[in-house]
Amino acid sequence: MRITDHPILDFKPGRLVRFTFEGREIEGYEGEPIAAALHAAGIRVLRRSPRLHRPRGFFCAIGNCSSCLMVVDGVPNVRVCVERLREGMRVERQEGHGELK
Amino acid sequence: MKSVEIAVVGAGPAGLSATLAAAGQGASVALIERDEHLGGQLVKQTHKFFGSARQEAGTRGVVIARRLGQAVREQAGIDLRLATTVLGYYSDKVLYLEEPDRLAKLQAERAIFATGASERMLIFGNNDRPGVYGAGAVQTLMNVHGVMPGRRVLMIGAGNIGLIVSYQLLQAGVQVAAIVEAAPRIGGYLVHAAKVRRAGVPILTGHTVKEAVGEEAVEAAVIWRLDEQWRPVPGTEERVDCDVICLATGLSPLGELMWQAGCRMAYVPELGGHVPWHDDDLRTSHEDIYVAGDASGVEEASAAMVEGRIAGLAAARSLGHDRDVEEKLGEARRELAALRAGPTGEKIRRGLESLRQGGDGR
Amino acid sequence: MSAETRRPEDRGPSGARRPGPSEALIRTGLPSAEDLERVRPSAERLTHGAVAVLECFQRIPCDPCASSCHHGAIAAFADINDLPSMDAERCNGCGLCVARCPGLAIFIVDEHHAPGEALIKLAYEFLPLPARDQVVTALDRAGREVGQARVVRVQRPKEKTDTPVVWITVPKDLAWTVRHIKVEVSHGA
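Residue numbers (the working numbering), protein chains in the order written: chain A, 347 to 447; chain B, 337 to 698; chain C, 27 to 215.
Pulled out of the complex, with its shape left as it was, chain A reads as follows (with noise of 0.2 angstroms):
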């Protein structure tokens, strides 16, 4: 859910590309937060925790919590609230700790 008009504030997106999430097309501007695109998008379980497996959203959005790490491209342990999107990234789940490839 986008903010298409704001009485204070204007927003100046980025140009509109396309990326993947857990395989599936969808579409952020370029240089938004990745949390902020998919959360845009809908999606807010980023992530399940190392032992319980529990559903984890983004907390801070800041980049200071952890609470949003992702995989992005492979690489594990990624802050989407703060890692800018660009186009063709490939955005995956993560798992626990995650792992290096």
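To be clear, the hints were calculated from the coordinates, so they are not data collected in a lab.
C-beta: ideal position from N, C-alpha, C; glycine also.
Treat the hints with care, since some could be wrong.
What the hints assert, rightly or not - Within a straight-line C-alpha distance of at most 35 angstroms, the following computed DSBU-like cross-link-like pairs (lysine-lysine) qualify:
(1) K546/B <-> K208/C
(2) K358/A <-> K186/C
(3) K358/A <-> K208/C
(4) K186/C <-> K664/B
(5) K546/B <-> K683/B
(6) K441/B <-> K447/A
Claimed, not checked - Derived list of chain C stretches under chain B, where covered just means 3 residues or more per stretch with a C-beta under 8 angstroms from a C-beta of chain B:
(7) 52–58
(8) 78–84
(9) 88–102
(10) 105–112
(11) 131–144
(12) 166–177
Using the hints provided, position chains B and C relative to the given structure of chain A.
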């Protein structure tokens, strides 16, 4: 290795003000910011600031961020380092920096840590469900990135942040089911409370959240009443339809770098937690390190800007710079005292008193 | 509200002439009748047309209202934490302070705008902005629908980051009740 006279860490209201004040004294300054933009959390503050004209009263935080950022970019003698994280401070006055593609070192005669604060969690059932978001996160998502955090939000906390973010949610077209506050009284400014009340948002004092409902993400919340001893009253549970539970339950100062640098830290509840001991010049127990803004004690951004000025001026003065520095310091100290003089500054005054006496003021 | 329930700390050195907010206001966010009585201009002044009503009940560090007034009706602050001190005789109801108050706590009320009709100027920071002559829902301080209001003017600021001020007329008996409006999104949006 590059060296500067003063390194400022953090480009929020305190750091930007410190940078401008120090550079205005003729000091060479490096401003180091983890993010790619200047302004810190000001960039999501759409409300008008309080205070007086000297602290940009009546101006929205987003506009203040733009003005301060522009002033820093136009001021000569500032080495601006965005997207750069400070990893540590070492005894030879060297800061280790993580730049996007490499590690770097920077020597600084004085360092000013304006590292801000982080949001506090609250203990309740399923508090890790996606949809339980910090108030700052909600602001970032909607006011910086233009994405609605949800359809209907339950706000936890009626301090200034909870009240202001509720109003901002309404402005973004998001419903606010209610504002829940554990204390028997509204902690934020009553003018902020009035704004959300007349827009139809109830404020439930003496209530808290019991649990989040939803298997994969928040689908509702259960709230319940607290008695005079802050104990939940069984049987008073109420289900609230919402897809976001927004936590505005306070901030904790971010002092890791100062812990690591060996500054004497003190636990002062009134200042938000662990803060470095500091004097009226915002100088910590480490003679080369100053602190400003929420990292020195959680307070309003208007106070953070004045603290930044004081730290910047004092650090420059300690290196021999003097462009009417005493006069400017005196003026800034008077402004800060005035901001804290009223009933809403009582907690900060108490916290600083406790800190001066060594902290752990219980 | 009895005197004992007021917080003594809300009475500063120079603010002694006015007590702090009522306990009800601190608990609910809604001013009590007593809170409101203290900021209401005199009956005599109200007969002379539009006047500012400063619904500011708590001592906070804030003073832009004083410098916003070109008529000297809001006195300069000795202590930035003081409550505003208003000389209603010098106020002409222009409404400059309405858009400047960071707390959006100032309203202009003209009880004698037209027979049986009062004019209210209020800050409105939502979308859509109403159009002139549009009929909107009138809300009280608790957001309850209390009737209808007609929009007579919309002052749009030059900068989007400044605050629009909407002028509405309401039945005279609602002059002290209506403090917000609800604009239907379907209309003209």
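What are the numbers of the hints the structure violates, in ascending order?
-> Of the numbered hints given earlier, the structure breaks just one, which is hint 11.
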